[in-house]
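Trainee: Sequence:
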Amino acid sequence: MNVHCAVCAAAGAIVDGCPTRQAAAGQRGGAWLDAPPGAAWVERDDPNPFVARRELLWSYHRALAAGWTDDAFVALVRRLDDAVAAVDGTGFVATPFENQAPLAEAVGAGELWVKDETGSVAGSHKARHLFGLALHLAVDDVPQQQRLAISSCGNAALGAATIAAAAGRPLDVFIPTWADPRVVDRLDALGATIHVCERRRGEQGDPCMLRFRDGLGEGALAFGCQASENLLTLDGGRTLAWELADQLRVADTSLDHLAIQVGGGALATSVVAGLLEAARFGAIDRLPAIHAVQTEGCAPLDRAWQRLVARAEADGVDAALHHAGTNPSEYMWPWEDEPSSAASGILDDVTYDWLGIARGLFDTGGSSVVVAEPTVSDANRLAREHTAIPVDATGTAGLSGVLELRRRAHSPIGASARVGVLFTGRDRGA
0 MNVHCAVCAA AGAIVDGCPT RQAAAGQRGG AWLDAPPGAA WVERDDPNPF
50 VARRELLWSY HRALAAGWTD DAFVALVRRL DDAVAAVDGT GFVATPFENQ
100 APLAEAVGAG ELWVKDETGS VAGSHKARHL FGLALHLAVD DVPQQQRLAI
150 SSCGNAALGA ATIAAAAGRP LDVFIPTWAD PRVVDRLDAL GATIHVCERR
200 RGEQGDPCML RFRDGLGEGA LAFGCQASEN LLTLDGGRTL AWELADQLRV
250 ADTSLDHLAI QVGGGALATS VVAGLLEAAR FGAIDRLPAI HAVQTEGCAP
300 LDRAWQRLVA RAEADGVDAA LHHAGTNPSE YMWPWEDEPS SAASGILDDV
350 TYDWLGIARG LFDTGGSSVV VAEPTVSDAN RLAREHTAIP VDATGTAGLS
400 GVLELRRRAH SPIGASARVG VLFTGRDRGA
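Heads up, the sequence shown is in numbering that gives the first Met the number 0, so the first residue is 0 and it goes up one at a time.
None of these hints come from the bench; they were simulated from the model. Hints may be right or wrong, so weigh each one.
Label pairs and their calculated CB-CB ranges [stated by the list, open to error]:
| hint | residue 1 | residue 2 | range |
| --- | --- | --- | --- |
| 1 | Ala74 | Gly315 | 42 to 50 angstroms |
| 2 | Asp33 | Arg285 | 17 to 25 angstroms |
| 3 | Ala65 | Ala371 | 49 to 57 angstroms |
| 4 | Arg198 | Ala39 | 30 to 38 angstroms |
| 5 | Asp33 | Gly315 | 40 to 48 angstroms |
In this text, all values refer to a predicted model and were calculated from it rather than measured experimentally. Positions of the beta carbon are idealized from the N, C-alpha and C atoms, including for glycine.
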């Protein structure tokens with residue numbers, strides 16, 4: 000059972016990524032993952048999202064097609080999760096989702112619901128993506144000595160190194176020159192091979208991604224959080240949205256708005272896809288308006304979105320999305336200036352997985368938000384003052400988008416609105 004790239008329709012084993020990725024240079028941006036055929040929303044009380052919602056995972060259906068039993072797949076998840084806990088001190092469980100009333104008052108929202116990923120594996124949401132890929136590697140019986148590779152400036156690298164160490168697989172990590180020394184030390188302790196990537200004169204695009212793609216050309220498998228490189232990174236990423244849907248139902252509430260920070264785009268794409276699935280299966284009654292948040296120091300998604308909206312106004316949404324998918328370079332290209340922000344984890348030169356986000360913004364009546372650097376700092380300060388969550392500036396970047404929207408004269412977020420944000424990364428210095 001193969002899946003097809005949502006952009007170029009090329010088929011291949013699901014661990015291989017898109018075979019046209021080199022020519023695409025990461026600018027196609029159309030990666031999208033629907034629920035697999037036979038998917039079901041099964042109610043069960045299990046804290047591990049990869050067990051609780053296994054019938055929605057592509058890895059599960061691939062395993063069944065290969066002759067695995069349900070028990071065998073669950074045993075794989077348990078075994079790998081136990082190994083992750085041995086490496087990191089924690090395995091995968093549903094992360095908290097709570098209304099933070101003092102923070103809501105501080106930002107001027109009726110309710111402010113925070114999904115807290117800071118206590119998850121490797122201190123962020125990123126390991127969800129990588130654990131999902133590790134399941135595919137095991138199901139596909141990929142040799143243990145096969146080298147894996149990731150381009151990352153922090154949390155994704157830590158997630159990948161943690162999962163790779165647990166799975167006993169070799170990993171090459173391509174990091175920027177300014178990577179946090181604490182992150183680098185942890186990567187080294189986890190056994191990753193570290194490649195520091197300098198920007199070369201006249202070079203456009205993220206130097207880490209460029210060196211990473213060189214590694215893929217030499218035979219490594221993409222083991223990161225860009226669906227443009229490996230579509231199935233969205234498989235595990237969707238677990239966050241499924242948890243969110245379950246927690247909304249338990250709380251007997253819904254969200255009017257959900258602000259999501261955007262770097263490479265896999266988080267927002269995964270959440271949009273997962274929430275659409277939850278709505279399809281009746282787990283939630285309605286979708287919140289999705290707001291994609293970037294900083295003024297690096298906002299390639301917003302630039303593409305403005306062009307896409309202009310075309311949609313002239314030709315319609317479907318025609319605009321089709322045009323963007325077939326002419327990606329007219330919308331998405333590397334940010335020309337050196338990216339800079341306290342939210343360093345979302346400084347991707349290119350929003351690699353952007354068309355899925357655009358689809359979500361159109362479908363939910365959401366928006367693209369660009370935030371000035373003082374507002375990025377304000378959001379993190381307010382989060383630290385009004386919650387006990389040890390979150391970094393990248394993790395509160397979605398909240399900065401809420402602040403920006405609330406401060407506008409004609410804010411789409413009313414004073415009584417129920418708003419959701421994702422606190423995605425732990426402050427390593429806390």
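Trainee: Is the gap between the beta carbons of Asp33 and Arg285 within 17 to 25 angstroms?
Mentor: For Asp33 and Arg285 the Cβ distance comes to about 20 angstroms; the hint holds.
Trainee: Mind checking the hinted window 40 to 48 angstroms against the Cβ distance between Asp33 and Gly315?
Mentor: Given about 22 angstroms between the Cβ atoms, the range is violated.
Trainee: Evaluate the given range 49 to 57 angstroms for the C-beta pair formed by Ala65 and Ala371.
Mentor: holds (51 angstroms)
Trainee: Cβ-Cβ distance between Arg198 and Ala39: within 30 to 38 angstroms?
Mentor: violated (47 angstroms)
Trainee: Given a hint of 42 to 50 angstroms, does the C-beta separation of Ala74 and Gly315 actually sit inside it?
Mentor: At roughly 49 angstroms between Cβ atoms, Gly315 and Ala74 fall inside 42 to 50 angstroms, so the hint holds.
Comparing the model with each earlier hint shows violations of hints 4, 5; every other hint is respected.
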